[in-house]
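Visitor: Chain residues, written in single-letter form:
There are 2 protein chains.
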Amino acid sequence: MSRLGQSAGDLPTFDDVVAAHDRLLGRVLRTPVMNFPRFDARVGRRVLFKCENLQHVGAFKLRGATNALLQLESKTKVVATHSSGNHGAALARAARELGWRCVVVAPRDASAVKLQSIRTEGAELVSCEPGLVAREAALAEVVARTGAAVVHPFDDAQVIAGQGTAALELLSEYPDIDVLTAPVGGGGLLSGTAIAGKSMAPSCRVIGVEPEMADDAARSFHGGIRVGVQGSPATIADGLRGSIGVRPFAIFRSQVDDVLTVSERAIVHAMRIALEDLRLLIEPSSAVPLAALIEGRLGQAGETIGVIVSGGNVDLSVCPFLAGRASLNA
Amino acid sequence: MSRLGQSAGDLPTFDDVVAAHDRLLGRVLRTPVMNFPRFDARVGRRVLFKCENLQHVGAFKLRGATNALLQLESKTKVVATHSSGNHGAALARAARELGWRCVVVAPRDASAVKLQSIRTEGAELVSCEPGLVAREAALAEVVARTGAAVVHPFDDAQVIAGQGTAALELLSEYPDIDVLTAPVGGGGLLSGTAIAGKSMAPSCRVIGVEPEMADDAARSFHGGIRVGVQGSPATIADGLRGSIGVRPFAIFRSQVDDVLTVSERAIVHAMRIALEDLRLLIEPSSAVPLAALIEGRLGQAGETIGVIVSGGNVDLSVCPFLAGRASLNA
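Top to bottom, those sequences are chains A and B.
Using numbering that gives the first Met the number 0, the first residue of the first sequence is number 0, and each one after it goes up by one.
Using numbering that gives the first Met the number 0, the first residue of the second sequence is number 0, and each one after it goes up by one.
Check the hints yourself; a few may be wrong.
[What the hints assert, rightly or not] Per label pair, the in silico range of CB-to-CB distance:
no., chain 1, residue 1, chain 2, residue 2, range
1, A, 9, B, 317, 38 to 46 Å
2, B, 233, A, 123, 43 to 51 Å
3, B, 144, A, 173, 52 to 60 Å
4, A, 31, B, 115, 44 to 52 Å
5, B, 121, A, 107, 38 to 46 Å
6, B, 96, A, 118, 47 to 55 Å
7, B, 28, A, 14, 46 to 54 Å
8, A, 118, B, 300, 50 to 58 Å
9, A, 146, B, 37, 27 to 35 Å
10, B, 39, A, 144, 32 to 40 Å
11, B, 28, A, 70, 20 to 28 Å
12, A, 144, B, 115, 33 to 41 Å
13, A, 119, B, 294, 21 to 29 Å
14, A, 34, B, 39, 22 to 30 Å
To be clear, the hints were calculated from the coordinates, so they are not data collected in a lab.
Each residue gets a CB set at the ideal place from its N, CA and C atoms; glycine is no exception.
Using the sequences plus the hints, can you model the full thing?
Guide: Here it is as structure tokens:
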């Protein structure tokens with residue numbers, strides 16, 4: 000683990016989340032909230048799934064990217080970012096909708112289906128080595144070359160405010176949630192979720208979950224000092240390989256109740272349970288909170304748990320139980 | 000193929016579908032209608048998915064079963080049926096909600112996950128040999144033993160009217176549909192869909208799709224004489240192994256525009272495409288219309304196609320590409 004800087008800069012508030020929600024009306028899907036009796040019976044809790052896997056580009060990331068881009072001013076209208084996939088596709092889509100050019104720096108080890116999605120949404124793709132240092136260096140080159148404005152995937156007040164709109168929608172439909180949970184990579188989703196949760200349902204606990212193999216947020220949260228992952232951990236949860244950001248860490252310290260970790264085996268098992276019980280294909284990152292639920296470690300029996308299902312972009316070849324023969328005769 | 004009788008008895012009308020819709024309010028989910036740009040781009044059509052895979056018990060069957068049961072009168076309050084799975088689970092759930100006892104006759108070769116669902120919903124399960132003759136004999140024994148009222152899985156006017164409410168909801172949200180499609184087993188879903196479609200959007204074409212291996216409805220439709228399948232065809236689309244019913248056949252002749260067939264290979268391919276493009280796990284029966292769409296045989300380029308996604312109950316072990324290793328270390 001490397002020790003990171005602590006300057007949080009501007010932090011978003013609940014007013015920013017509400018403003019983001021108004022700004023995003025008609026630009027992002029109001030995704031359905033679903034409940035599955037079979038899964039409830041399995042985990043002994045009432046679980047409400049906010050299905051951002053069914054969002055445009057298959058991920059909540061469209062919320063933050065669109066909210067940030069709508070507030071950028073630029074004469075050249077070029078925007079750039081680095082992303083392991085979903086944020087890149089989201090920014091590419093937001094840029095296309097708003098008439099901007101978009102350049103996305105993505106690590107070589109990003110999910111193939113996500114890279115394809117970035118291209119499909121019309122962005123220019125620049126490949127780099129895995130790890131934050133290489134990503135930031137490549138992005139700096141892009142900015143020098145194009146004069147692009149940058150929308151960071153998570154360490155940005157307006158991105159965080161945008162991500163919080165998923166929890167805002169969930170709580171506006173179901174105010175009686177005991178525990179709100181989301182996966183933690185850079186921490187943007189859980190930060191926004193915490194801001195919405197603590198304002199709309201003050202007694203609600205907000206709990207993040209991340210892979211054991213990329214447990215920087217748990218270590219940072221429990222140790223009180225922000226630490227990062229070294230390089231790019233090989234967790235199957237490809238969206239959660241980065242380190243927690245400065246702003247997310249500051250928000251975690253004041254508004255998040257706990258950060259748990261789960262094993263790789265538990266993540267794959269949870270993906271399979273999601274297919275069986277929910278009939279939804281969720282990406283490994285989204286299975287991370289489900290894994291903690293299935294292990295009985297999230298909330299108490301009988302409580303109502305709100306889960307932000309972060310995305311549904313899966314390379315079918317990556318997951319063991321999806322990697323069987325592609326057809327009957329192959 | 001065996002030649003079957005032709006007496007249609009009472010046939011449901013659009014008024015019955017509207018009455019069913021009112022009757023079912025609050026008893027079935029108003030399932031979401033979804034659209035997936037990636038799939039639209041793949042097939043060159045705008046495709047609207049009415050997601051009955053996300054219905055209670057994971058199938059449209061709850062609509063017809065509940066509508067029929069709500070109109071039964073009985074002192075003993077026992078209901079029975081034969082079913083390859085989804086209708087059984089649906090009737091079991093409807094019975095439980097309304098305080099009836101339920102007995103379901105199911106063939107040995109029914110999907111294990113569907114049999115489990117029938118038990119979970121609280122019904123008594125009676126196993127029989129595959130094929131319509133064995134199913135009807137076993138059901139007759141149950142009726143003799145218990146005095147149960149019978150709700151047929153598809154050859155029942157109120158069941159058909161109930162199934163039509165999915166298309167009614169779809170068309171009330173999207174009136175400009177050019178082609179409505181659904182899979183065909185006994186024909187209850189497509190019959191109800193046709194009744195709703197032809198009344199609400201008279202210029203809309205209604206097209207059924209079934210597996211080549213169980214092509215009795217296509218042969219019956221094109222030949223003008225109702226023929227049945229022999230035994231239980233081994234198509235992976237376990238919900239479509241039965242023969243078209245008398246009432247459905249009569250409705251097909253007056254209100255359905257075409258019945259297509261697709262190969263087993265195309266069905267499995269379509270399930271995989273659904274996971275990739277829609278992020279939804281759909282059962283093999285539901286993949287049947289998608290297979291025809293992917294082959295470019297349903298509707299014209301640029302048209303809007305409404306698909307009733309019939310269900311999401313899949314044995315993960317049945318589908319080749321889902322049958323990989325269950326965990327990372329297995």
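Visitor: Would you mind marking each hint as holding or not holding in the structure?
Guide: Against the structure, the hints come out as follows:
Evaluation of the 38 to 46 Å hint for residue 9(A) and residue 317(B) yields a failure: the beta carbon distance comes to about 53 Å. About 50 Å separates the C-beta atoms of residue 233(B) and residue 123(A), a value consistent with the hinted range of 43 to 51 Å. The hint said 52 to 60 Å for the Cβ distance between residue 144(B) and residue 173(A), and at roughly 45 Å that hint is violated. A beta carbon spacing of about 25 Å between residue 31(A) and residue 115(B) contradicts the range 44 to 52 Å that was offered as a hint.
Checked against the hint of 38 to 46 Å, the pair residue 121(B) and residue 107(A) fails, with Cβ atoms roughly 53 Å apart. Against the hinted window of 47 to 55 Å, the Cβ-Cβ separation of residue 96(B) and residue 118(A) comes to about 48 Å, which satisfies the hint. Distance hint check: the CB atoms of residue 28(B) and residue 14(A) are about 35 Å apart, inconsistent with the given range 46 to 54 Å. Remark: the range hint 50 to 58 Å for residue 118(A) to residue 300(B) is contradicted by a beta-carbon distance near 23 Å.
Checked against the hint of 27 to 35 Å, the pair residue 146(A) and residue 37(B) passes, with Cβ atoms roughly 32 Å apart. Distance hint for residue 39(B) and residue 144(A): a CB-CB separation of about 34 Å, consistent with the stated range 32 to 40 Å. Separated by about 38 Å at the C-beta atoms, residue 28(B) and residue 70(A) break the suggested range of 20 to 28 Å. The hinted window of 33 to 41 Å between residue 144(A) and residue 115(B) is violated, with their beta carbons roughly 58 Å apart.
Hint check: residue 119(A) to residue 294(B), Cβ distance near 22 Å, so the stated range 21 to 29 Å holds. A hinted range of 22 to 30 Å for the beta carbons of residue 34(A) and residue 39(B) is consistent with their spacing of about 29 Å.
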